[in-house]
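Whenever a hint applies, use it, and build me the whole structure from the sequences.
Spelled out, the chains give:
4 protein chains.
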Amino acid sequence: MLNVAIVGASGYTGLELIRLLYCHPEVAVTCLTSEQSAGRKISDIFPTLRGRCDLTLENLEPVRVAEKADLIFTALPHKAAMEVVPTFLKLGKHVIDLSADYRLRDPDVYGAWYEPHLNPANLKKAVYGLAEIRRSKIRGARLVANPGCYPTSIILALAPLLKKGLIHSGDIIADSASGVTGAGRAAKVDSLYCEVNEGFRAYGAGGTHRHIPEIEQELSLLAGESLLITFTPHLVPMDRGILSTVYTRPRQATTTEQLVKLYQDFYKGEPFVRVLPQGSLPSTAFVRGSNFCDLAPLVDSRTGRIIIVSAIDNLVKGASGQAVQNMNIVCGFPETMGLEGLALFP
Amino acid sequence: MLNVAIVGASGYTGLELIRLLYCHPEVAVTCLTSEQSAGRKISDIFPTLRGRCDLTLENLEPVRVAEKADLIFTALPHKAAMEVVPTFLKLGKHVIDLSADYRLRDPDVYGAWYEPHLNPANLKKAVYGLAEIRRSKIRGARLVANPGCYPTSIILALAPLLKKGLIHSGDIIADSASGVTGAGRAAKVDSLYCEVNEGFRAYGAGGTHRHIPEIEQELSLLAGESLLITFTPHLVPMDRGILSTVYTRPRQATTTEQLVKLYQDFYKGEPFVRVLPQGSLPSTAFVRGSNFCDLAPLVDSRTGRIIIVSAIDNLVKGASGQAVQNMNIVCGFPETMGLEGLALFP
Amino acid sequence: MLNVAIVGASGYTGLELIRLLYCHPEVAVTCLTSEQSAGRKISDIFPTLRGRCDLTLENLEPVRVAEKADLIFTALPHKAAMEVVPTFLKLGKHVIDLSADYRLRDPDVYGAWYEPHLNPANLKKAVYGLAEIRRSKIRGARLVANPGCYPTSIILALAPLLKKGLIHSGDIIADSASGVTGAGRAAKVDSLYCEVNEGFRAYGAGGTHRHIPEIEQELSLLAGESLLITFTPHLVPMDRGILSTVYTRPRQATTTEQLVKLYQDFYKGEPFVRVLPQGSLPSTAFVRGSNFCDLAPLVDSRTGRIIIVSAIDNLVKGASGQAVQNMNIVCGFPETMGLEGLALFP
Amino acid sequence: MLNVAIVGASGYTGLELIRLLYCHPEVAVTCLTSEQSAGRKISDIFPTLRGRCDLTLENLEPVRVAEKADLIFTALPHKAAMEVVPTFLKLGKHVIDLSADYRLRDPDVYGAWYEPHLNPANLKKAVYGLAEIRRSKIRGARLVANPGCYPTSIILALAPLLKKGLIHSGDIIADSASGVTGAGRAAKVDSLYCEVNEGFRAYGAGGTHRHIPEIEQELSLLAGESLLITFTPHLVPMDRGILSTVYTRPRQATTTEQLVKLYQDFYKGEPFVRVLPQGSLPSTAFVRGSNFCDLAPLVDSRTGRIIIVSAIDNLVKGASGQAVQNMNIVCGFPETMGLEGLALFP
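Protein chains in written order, with my numbering: chain G, 1 to 346; chain S, 1 to 346; chain L, 1 to 346; chain D, 1 to 346.
The set of hints was computed from the structure by calculation and includes no laboratory data.
Treat the hints loosely; a few may be bogus.
Straight-line alpha carbon distances no greater than 27 Å define the calculated BS3-like cross-link-like pairs of lysine-lysine that follow [unchecked claim]:
(1) K41(S) to K188(D)
(2) K41(L) to K93(L)
(3) K79(S) to K79(D)
(4) K125(S) to K268(G)
(5) K188(S) to K79(D)
(6) K137(L) to K188(G)
(7) K188(S) to K41(D)
(8) K41(G) to K261(S)
(9) K188(G) to K125(L)
(10) K90(L) to K188(G)
(11) K41(G) to K93(L)
(12) K188(D) to K41(L)
(13) K124(L) to K137(L)
(14) K268(L) to K124(D)
(15) K137(L) to K188(L)
Just so we're clear, the structure is a prediction, and the values are computed from it rather than from any experiment.
The structure is reproduced here in C-alpha cells:
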C-alpha cells in the first residue's frame with residue numbers, strides 16, 4: 001500500500017485526485033493539506049466525499065506531511081509549489097507536482113513568464129510527465145512535473161506530425177477552449193455563474209498565456225528545432241473539458257486517411273489516447289471524468305491545411321488523472337490502475 | 001463471472017448500466033439490444049465507450065438474449081418490458097426490470113394509470129427493489145421491479161416517519177425537480193437544448209404523473225394504511241439529479257435534532273443513504289454519478305411542519321445504480337460492489 | 001423628461017434598471033453610483049452598455065445625487081438603503097427602494113429578521129409597490145418599497161384566493177426556485193459557476209429566509225387575518241427567473257376551471273399578469289427579460305389541494321421591471337411605458 | 001405603417017423577427033406562416049408571445065401572403081425559399097430572405113454546395129445584405145439576401161484588412177463557435193439538451209460547411225482577388241451567440257494599436273459595430289439579444305500573426321436583427337429603428 005499526501009487539497013484538482021485515488025487499490029490517502037481550510041473536514045468543503053473521505057485538512061508543514069506519505073501530490077499555485085517541493089525531495093519522497101514550477105527546463109524562461117525561479121537545482125531533475133512521449137524517464141523519477149491542461153491537449157495533437165517531421169514547424173496555430181474548472185475555485189467576479197453562463201469568450205489572446213512556453217518547449221523537443229506557436233484560449237460555459245483545434249501545414253500533400261493511419265500507429269497501445277476513425281470528431285462530453293485524450297486529425301483538401309482536434313477532461317488527463325497515471329508509472333503499478341472508470345455521459 | 005444482458009441499451013439508463021457494470025469485477029456484459037440501432041456498435045452511439053465497450057447492438061430476440069445471459073436488465077419503455085420479461089423468467093433467468101411494468105402490485109391500478117396489464121401472473125412474484133426497505137425479499141428474487149426515480153427520492157425521504165407512525169399520512173406534499181435525462185433520449189422538441197436551457201418549469205401538476213400510484217403504494221405499505229399524496233414534478237436545466245422537498249405534519253411536535261437522530265438510526269448501516277448533519281442541505285451536485293441518496297429532515301418551528309429534502313442522481317440511485325445494487329443483492333455479491341465510485345464534482 | 005439616478009448601479013438589478021430605462025422615452029439617466037467602482041465607466045463593468053451608456057460611476061454622496069435627479073432608484077443592500085433614503089426624501093425627491101428596508105410596516109418585525117431599523121419614521125410613509133394590489137396608493141408616492149422577488153411571485157399567486165376568502169389561510173406552502181442572479185454579484189465561492197452549475201439545491205429551508213415576513217405581511221393583509229406560511233427557496237442553475245409552486249386548501253371544493261375563471265377575472269386588465277389557459281403551466285423561460293408574471297391555478301382533484309404555479313423574471317417583475325412600473329405609476333406615465341419588450345427566448 | 005409577413009414563423013429566427021418587429025414603431029406584422037403548425041396560434045408554440053402576439057399561423061400560400069404584406073421575411077430552409085420568393089417579387093413585394101438561396105452570386109457555386117438552383121434569374125437582382133459593406137445597394141432593393149450567421153461574424157472581422165490590402169489573402173483561418181439556436185428547432189437527437197449540455201465540440205471541420213462559399217465570395221470581393229479560407233465551426237452549450245477567432249498574416253509588420261485605430265476608422269459611424277479598446281476582448285454574452293457586432297483586432301507580436309475576435313448574437317446580427325436592419329434601409333426608416341434594445345445580461 002502506497003501512502004499518499006495531497007498538498008493543496010481544497011481546490012478542484014485536489015478533489016479530483018481524491019476521487020481517483022479512492023478507487024485505486026494500491027493507494028491510501030493519509031494526509032490532505034489546505035492553507036485556507038486547515039482544521040475543517042474535506043467533506044465539509046466537498047460534500048460529495050461525505051462518508052467516504054472525511055479526513056481533516058492540515059496546515060502545510062512539509063516535514064509532517066513527509067512523515068505520513070511516500071509520495072506527495074502538490075496541487076498548489078505556482079511559486080507555492082517550489083517552496084515545499086525541495087523539502088519533500090530532500091526527505092526522499094516522490095513528488096508529482098501539478099503546478100507550473102518544474103515544467104520549464106530553463107529557469108530563465110520561467111523567469112520571463114512567471115518570476116525568478118527559486119529552485120533551479122531541482123529543475124534539472126524534474127521529468128515532464130507526459131507519459132505518451134516520455135514514459136521511460138518517468139519510471140522511478142523523484143520529481144514529475146505534471147503537464148498543464150492546454151499543453152497536454154496540444155502536444156498530443158501534434159506529436160506524431162512533429163516527431164516525423166511532416167509539418168512546417170513555423171506554421172502552428174492552436175485554438176483551444178476550456179471549461180470553467182480551469183479557472184480554479186477562487187472567489188472572483190469573473191468566475192461567477194452569471195458572468196460565465198451563456199457566454200463564450202476568448203481570453204489571453206495574442207501570445208500572453210503562460211502555457212505557451214511549456215507548449216513550445218515540448219513541441220520544439222519533438223520537432224528537433226525551436227518553434228513558436230500562436231495560441232488562443234477560450235472559456236466555455238461548462239464545468240470540465242478542453243478542446244483544442246490545431247492548424248498547421250504539411251511539408252508534402254497528405255490525406256485524412258493517411259493522417260488517421262499515422263496517428264493510429266503512433267499511439268498504438270497507448271491506453272489513454274483514442275484516435276477516432278475518419279469522419280468522427282471529438283467532444284469534451286465524451287471524455288468527461290475519464291483519462292482519455294480523443295484525437296481526430298484531418299486534412300482540409302481545399303486549402304491543404306492539416307487540422308487536428310483533441311479533447312480531454314482538463315481535470316483528469318489535463319491534471320489529476322495524468323498525475324495518477326504518472327504515479328502508477330513512477331511506482332511500477334499498472335498504468336491504468338484506478339483510471340479505468342468510463343466517462344460520465346450525459 | 002455473471003453474464004449479463006441489457007435489453008434497451010441505447011438509452012441513457014442503458015448507457016449508465018454499461019458504465020457501472022464495466023467497473024464491476026464479477027460481471028461480464030455479453031449482450032446489448034436496441035430496437036432502433038440494432039447492427040450498430042454501442043460505441044458509435046455513445047463515443048464515451050469507444051475502446052472500452054464496442055459490442056454490437058442486437059435485435060431483441062428474447063430466447064437468443066437468454067442464451068447469452070444469466071441475468072437480464074430490461075431498460076425498455078413500459079409495456080415493451082412485460083412483452084419479453086415472461087420469456088426470460090420461463091427460461092430461468094433473473095430479471096431486473098427498470099420499467100414501470102412490475103412495480104404496481106394491483107393490475108387494476110396499473111390499468112388505471114397506464115393500460116391493461118399483460119402479465120398479471122408475474123406481478124405477484126415481482127419484488128419492489130428498494131433495498132433499504134425490502135432487502136430480504138430481494139435476495140434470490142427472480143424478478144425485481146426497479147423503483148422509479150421520483151419514487152426512490154420520496155419514499156426514502158418519508159420511510160422513517162411513516163414506519164414509526166409519526167406523521168399525519170393525509171398531509172403529504174412532494175415537490176420534486178429532475179434533470180433532463182429523466183425525459184429520456186427520444187428526439188422531441190420539448191427536450192431540445194434551447195427549449196430546456198435557462199428555464200425552470202412544472203409539468204404534470206395536479207395529480208397526473210404516473211409515478212404517483214407507485215409512491216402511494218409504497219408509502220401506504222410503510223404507513224400501514226392507505227394514503228394519497230400531492231406530487232408536483234419540475235424540470236431543471238441540468239443533466240442529472242432529482243431533488244425532492246417533502247412537506248408533512250407530525251402527530252406530535254418534534255425538533256430538527258430529534259428528526260436527524262431518528263433518520264440516522266433508521267438508516268444506520270445503509271451503504272447508500274447519507275443523513276446529513278443538522279444545518280446541511282442536499283444538492284443533486286453532491287450525488288452526481290454516485291448511488292447515494294442524501295437526506296436532510298428538519299422542522300419549520302414557526303409552522304410546525306416537517307420538511308425532508310432528498311437528493312439522488314436519477315440515473316444512478318434512481319435507475320441503473322439501484323439496479324446494480326439489486327443485482328448484487330439478488331446474486332449475493334457485496335451490495336456496494338461496482339458502486340463505490342465517488343460522485344463527479346464539479 | 002424625468003431625470004433619474006440609480007444608486008448602487010454596479011449590481012445586476014442596477015444594470016437591469018439601466019437596460020430598461022434606456023428604452024424609456026420619458027426618462028434620462030443622469031447619475032449612477034457605486035461604492036466599489038466609483039471612477040470607472042459603467043460600460044467597463046458591463047460591456048453590454050458600451051456605446052450606449054458610458055456614464056462614470058460616482059461615489060454615493062446623497063446631496064449631489066439629489067441635485068441631478070428627480071427620482072432615485074436605490075439598488076443597495078438592506079441597511080445601506082435606509083442610510084441615504086431619508087436625505088433623498090428630505091430633499092423632495094421620489095424614491096423607489098429595491099432593498100428590504102421599507103417593505104415591512106412594523107419596525108419590530110424588521111428588527112427581528114434583520115437588525116434594528118434606523119428610519120421608522122419613513123416606514124409609515126412607504127407604499128409597498130405591488131401595483132396589482134396597491135396601485136392607487138402608489139400614485140404620487142414619495143417612497144415606494146419595491147417588493148422582493150420571491151414575495152412578488154407568491155403574493156400574485158395567492159391574492160385572488162385570499163382576497164375572496166376561499167382558502168384555509170393556515171395551510172399555505174410556497175416552494176420556490178430562483179436563478180442565480182438572485183444571489184447578486186458578490187465574489188463568493190458559493191456563487192461560482194462550477195459550484196452552481198449542474199446542481200439543484202434547497203437553501204434557507206425551515207422558516208429562515210428573510211422574505212418570509214414580507215410575504216406573510218402582505219398575505220395577511222389580503223386575507224384580513226394574520227397567517228404564517230412555510231417557504232422553501234431553491235437554487236436553479238440558470239441566470240434568471242423564479243418559479244413558485246404554491247400549495248393550499250380550499251374552504252369549499254372547487255375545480256381548475258373555476259379557479260382559472262376566478263384568476264382571469266381578478267387580473268382582468270392587468271398589463272403584466274397573464275393567467276394561463278387550463279392545461280398550460282408557466283416556465284421562467286417564457287418570461288425571461290419581460291415584466292410578466294405568468295400564473296396557472298389548478299386543483300389536484302385526488303387530494304383536493306389547490307396548486308398555483310407562478311413564474312417571473314426575478315430581475316424584471318421581481319426587481320427592476322417592477323421598479324420601472326412603479327416609477328411610471330408614481331409619475332403618471334403609462335404603466336407599460338418602457339416595459340413593452342417581449343421576453344427573450346431562447 | 002409597413003405591413004409585414006413572416007414566412008416560416010415557427011422557428012427561432014421567425015420568433016426573433018416577431019420579438020424585434022413588435023418593438024418597431026413603423027411596422028405591423030400581418031401574417032405568419034408555418035408548414036408544420038398552420039392553424040395553431042403562434043403564442044401556443046412560443047408562450048413568450050401570449051397576450052402580445054396571438055396571430056394564427058397560416059399555410060404558406062404565396063399569393064395570399066402577398067395580399068397581406070408589403071414586405072416579406074422568408075425564414076425558410078434553403079430551397080424552400082426560392083420556391084416562393086419569385087412569386088413575391090412578381091407581385092411587387094420586397095423580400096428579405098434569411099435562407100442561403102440568394103446569397104451566392106454564381107448558381108454553379110450554389111449547385112456545388114447545395115443543389116441545382118431553381119431561380120438563377122433573381123440571383124442577379126439579389127443584394128447581399130451586409131449593410132456595413134453594401135449599404136447603398138440595399139436601399140430600395142427588392143430582394144435582399146440576408147447574410148449567414150458565421151459569414152457575418154467573419155466578414156466584419158476581416159473587411160478592414162482586406163479592403164485595405166493589408167494581409168496575405170491566402171492565409172486566413174476562421175475558428176468559430178456557435179450557440180445551439182444555430183442548429184434550429186427541429187427534433188433531432190443531436191440537439192437534445194443532454195447531448196449538447198456540458199460538451200464542446202467541432203463539427204463540419206475540413207472545409208465542408210456550407211457557409212464557406214458565402215464567406216469566400218464576400219472576402220474575395222473585398223480583397224479584389226479570389227481567396228480560400230479554412231473554417232472550423234464549433235458548438236457551445238449556450239442558446240445564442242457566435243464568436244469567431246480569425247487568424248491571418250499582415251503583409252507588413254503592424255501593432256495592435258495600429259489595428260485598433262484602423263478598425264475604429266473603418267467602422268466609424270456604424271451603429272452596430274463596436275471596435276473594442278486595446279486590451280478588451282469580446283464575449284457573446286455582451287451582445288446577447290442586441291444587434292451589435294463586437295470586434296477586437298490584435299497582433300501576436302511573438303509570431304507576427306494578426307488575430308481578430310468578433311462576437312455577435314447569431315439570432316440578431318446573425319439573422320433576424322440584421323434582417324430588420326435591412327428592412328429599415330430598404331424602406332428608408334432610420335437604420336437603428338426597433339433595434340435600440342440593449343443586450344440582456346446576465
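Going through the hints against the structure:
1. K41(S) to K188(D): 20 Å, holds
2. K41(L) to K93(L): 25 Å, holds
3. K79(S) to K79(D): Outside the cut-off at roughly 42 Å; violated.
4. K125(S) to K268(G): 51 Å, violated
5. K188(S) to K79(D): Roughly 25 Å between the alpha carbons, so the hint for K188(S) and K79(D) holds.
6. K137(L) to K188(G): The given pair, whose Cα atoms are some 42 Å apart, is violated under the 27 Å limit.
7. K188(S) to K41(D): 20 Å, holds
8. K41(G) to K261(S): Distance of about 21 Å is within 27 Å: holds.
9. K188(G) to K125(L): 40 Å, violated
10. K90(L) to K188(G): 39 Å, violated
11. K41(G) to K93(L): 53 Å, violated
12. K188(D) to K41(L): 45 Å, violated
13. K124(L) to K137(L): This hinted pair holds, its Cα atoms lying about 13 Å apart.
14. K268(L) to K124(D): Violated. K268(L) to K124(D) sits at ~53 Å, over the 27 Å cutoff.
15. K137(L) to K188(L): 39 Å, violated
The structure fails hints 3, 4, 6, 9, 10, 11, 12, 14 and 15 (numbered hints given earlier, in ascending order).
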